[in-house]
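Engineer: Chains A and B, in that order, give the protein sequences. For the first sequence, the tail end lands on 171 under numbering that gives the first Met the number 0, and the numbers increase by one without skipping. For the second sequence, the tail end lands on 354 under numbering that gives the first Met the number 0, and the numbers increase by one without skipping.
By construction, these hints were calculated from the structure, which means they are not laboratory data. Note that this is a predicted model, so its numbers are computed, not measured. Positions of the beta carbon are idealized from the N, C-alpha and C atoms, including for glycine. Any given hint could turn out to be false.
Beta-carbon label-pair distances, calculated as ranges [stated by the list, open to error]:
#1 Asp-37/A with Arg-323/B: 43 to 49 Å
#2 Ala-67/B with Pro-132/A: 27 to 33 Å
#3 Asp-249/B with Glu-102/A: 26 to 32 Å
No more than 35 Å apart at the CA atoms, straight line, and that leaves these computed lysine-lysine pairs for DSBU-like [what the hints assert, rightly or not]:
#4 Lys-48/A with Lys-42/B
#5 Lys-28/B with Lys-42/B
#6 Lys-144/B with Lys-221/B
#7 Lys-48/A with Lys-28/B
#8 Lys-48/A with Lys-144/B
#9 Lys-221/B with Lys-48/A
#10 Lys-144/B with Lys-28/B
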Amino acid sequence: MNTEVGPVRVGDVLPPLEIEITRTLIVAGAIASRDYQDVHHDAELARQKGSPDIFMNILTTNGLVGRYITDRFGPRSVLRRVAIRLGAPNYPGDTMVLTGTVEAVDGDTATVRVVGANGIGRHVTGTVTVTVPGAAGAVGADGARVAQGAEGAEGIEGAEDAAVHEAAGSRP
Amino acid sequence: MSEREVPGGEGATALDEGGEYEDVFARAKAYEGQAAAVGGLGKDLVNEPMIRHWCEAMGDTNPAYVGADAIAPPTMLQAWTMGGLSGHAGRSEAYDELLGLLDDAGYTSVVATDCEQEYLRPLRPGDAITFDAVIESVSERKTTKLGTGYFVTTRMDVRVAGRPVGTHRFRILKYVPAGRRRSAPKAEGAGAVARTAGAARAAEIPREIAGTAGTAGTSRPKRPRPVVNRDNAGFWEGVSRHRLLIQRCDGCRTLRFPWLPGCNACGCPDWDTVEAGGEGTVYSYVVMHHPPFPAFDPPYAVGLIELAEGVRMISNVVGVQHDRVRIGMPVRLEFEQVDEELELPVFRAVERSGG
Numbered sequence: 000m001n002t003e004v005g006p007v008r009v010g011d012v013l014p015p016l017e018i019e020i021t022r023t024l025i026v027a028g029a030i031a032s033r034d035y036q037d038v039h040h041d042a043e044l045a046r047q048k049g050s051p052d053i054f055m056n057i058l059t060t061n062g063l064v065g066r067y068i069t070d071r072f073g074p075r076s077v078l079r080r081v082a083i084r085l086g087a088p089n090y091p092g093d094t095m096v097l098t099g100t101v102e103a104v105d106g107d108t109a110t111v112r113v114v115g116a117n118g119i120g121r122h123v124t125g126t127v128t129v130t131v132p133g134a135a136g137a138v139g140a141d142g143a144r145v146a147q148g149a150e151g152a153e154g155i156e157g158a159e160d161a162a163v164h165e166a167a168g169s170r171p
Numbered sequence: 000m001s002e003r004e005v006p007g008g009e010g011a012t013a014l015d016e017g018g019e020y021e022d023v024f025a026r027a028k029a030y031e032g033q034a035a036a037v038g039g040l041g042k043d044l045v046n047e048p049m050i051r052h053w054c055e056a057m058g059d060t061n062p063a064y065v066g067a068d069a070i071a072p073p074t075m076l077q078a079w080t081m082g083g084l085s086g087h088a089g090r091s092e093a094y095d096e097l098l099g100l101l102d103d104a105g106y107t108s109v110v111a112t113d114c115e116q117e118y119l120r121p122l123r124p125g126d127a128i129t130f131d132a133v134i135e136s137v138s139e140r141k142t143t144k145l146g147t148g149y150f151v152t153t154r155m156d157v158r159v160a161g162r163p164v165g166t167h168r169f170r171i172l173k174y175v176p177a178g179r180r181r182s183a184p185k186a187e188g189a190g191a192v193a194r195t196a197g198a199a200r201a202a203e204i205p206r207e208i209a210g211t212a213g214t215a216g217t218s219r220p221k222r223p224r225p226v227v228n229r230d231n232a233g234f235w236e237g238v239s240r241h242r243l244l245i246q247r248c249d250g251c252r253t254l255r256f257p258w259l260p261g262c263n264a265c266g267c268p269d270w271d272t273v274e275a276g277g278e279g280t281v282y283s284y285v286v287m288h289h290p291p292f293p294a295f296d297p298p299y300a301v302g303l304i305e306l307a308e309g310v311r312m313i314s315n316v317v318g319v320q321h322d323r324v325r326i327g328m329p330v331r332l333e334f335e336q337v338d339e340e341l342e343l344p345v346f347r348a349v350e351r352s353g354g
């Protein structure tokens, strides 16, 4: 099977994305996703239910994972599937770092393993299937352009270049 | 048995409560296949303002989501189906009954654990969403870090003008919180400084997670200690001499493992031991991904090893990537010094030599 499309290769490691988990992000994400469960905006009620504080809802996590992938693969990339599992909650004041590794490539579609780690463990693990049209060349160009465009928003992105290539053949 | 829901391969389904458990499980299970939502209508058409608010919240600057030919972020799929403050439209009686049944049985807490979405076609402003959902599965009772409960999985089909645009599988855990330790809720803002793991630990984060965070600090958490008692002391004494000892019944010569005070075959209380040769095969295994426990570094494989002598034991499979462990794989015993006090028998994968 052809496991390569353009510069996307099995084993590619995507530049990380660091997200500050602010109270504002948690509340804005909950409201933007129409999720009015009190544990996502009311710290007092969250504590009454045994949580130390409000925490991020799953829809916001899902949105951030989707953003991470399309940021990295460019605006022409198309999300086909996002499957996530939640672990350690995202509480205000923490930082989540999203990382991704290309696990499979089939034609112009890649499967990326994503992990979002925060100060208390793994907040999210999952896989994203994304189609990157244009195959060779276009992927790298788009990816680079987006990374630059978002530079102002997330400090960590500016320092990163395109995906790091790991020799797929080196795996046993 | 699903690998992900079994912490360390232990205590998956407690049967101690016997009848009551069977009853709740059977009644909950009966809802599988029933509708969770019928003829649901999105409260709003897909629209630019909601897309923009979403992108602002997520910090998503993807140009595909703005302008004349904008699409909605695919991960908004569920958002278009949400009830908002005025509640859910189209939620079925069956789903409410199922949740009520679990509530009544004491499984009152709920947490979303999984979201799996497939996007078949992009959504654009003006699209009118409809959806139907089915209760796909109710798990056996599982013990997790949060507590004991049931995973309920629903699958939603989302349509526009009758055409499928996406599917949304959602899993929640309905559970009884694990022994809640009232460690004085650090008043205001305990979580606000949770960037230091210590603050999070002080709050009611399950101990195991907090323990993991502790690795960054002073001492790395240690693996759990074995409980050594008079029935199994001989086994651990053997381990200390790098001998894996199997009990053998004096009466009927049946081998048994793990160690027990009497023979399961004939009831005879007398026994001696046989030293295992160390050869075995993987009879079965699980791969532990989540939740993480202190001193363990998931993912890792927990194997049920069948020894050449015929008995089986649970142990770690080492020397092979977790995702390369296979049933039937030959393994050989070795002893691993886990820390200064603890040594454990583990099994190392043996390279097959040609055939």
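Engineer: Is Lys-144/B close enough to Lys-28/B, meaning Cα to Cα at most 35 Å?
Structural biologist: 23 Å, holds
Engineer: Please work out if Lys-221/B and Lys-48/A have their alpha carbons no farther apart than 35 Å.
Structural biologist: 31 Å, holds
Engineer: If you check the beta carbons of Asp-249/B and Glu-102/A, does the distance land in 26 to 32 Å?
Structural biologist: At 54 Å between Cβs, range violated.
Engineer: Taking the beta carbons of Ala-67/B and Pro-132/A, is their distance inside 27 to 33 Å?
Structural biologist: 20 Å, violated
Engineer: Taking 35 Å as the top limit, are the C-alpha atoms of Lys-144/B and Lys-221/B close enough?
Structural biologist: Cα-Cα ~18 Å, so holds.
Engineer: Would you check the hint for Lys-48/A and Lys-144/B, treating anything up to 35 Å between C-alpha atoms as holding?
Structural biologist: Between Lys-48/A and Lys-144/B the Cα gap is close to 16 Å, so the pair holds against 35 Å.
Engineer: So if I understand the rule, the pair passes when the alpha-carbon distance is 35 Å or less; does Lys-28/B with Lys-42/B pass?
Structural biologist: 31 Å, holds
Engineer: Is 43 to 49 Å right for how far apart the beta carbons of Asp-37/A and Arg-323/B are?
Structural biologist: Taking Cβ atoms as reference, Asp-37/A and Arg-323/B lie about 45 Å apart, which means the hint holds.
Engineer: Has the given pair, Lys-48/A with Lys-42/B, been kept, meaning a C-alpha gap of at most 35 Å?
Structural biologist: 29 Å, holds
Engineer: Can the restraint linking Lys-48/A and Lys-28/B be considered satisfied, given a maximum Cα separation of 35 Å?
Structural biologist: 27 Å, holds
When each numbered hint is compared with the structure, violations occur for hints 2, 3.
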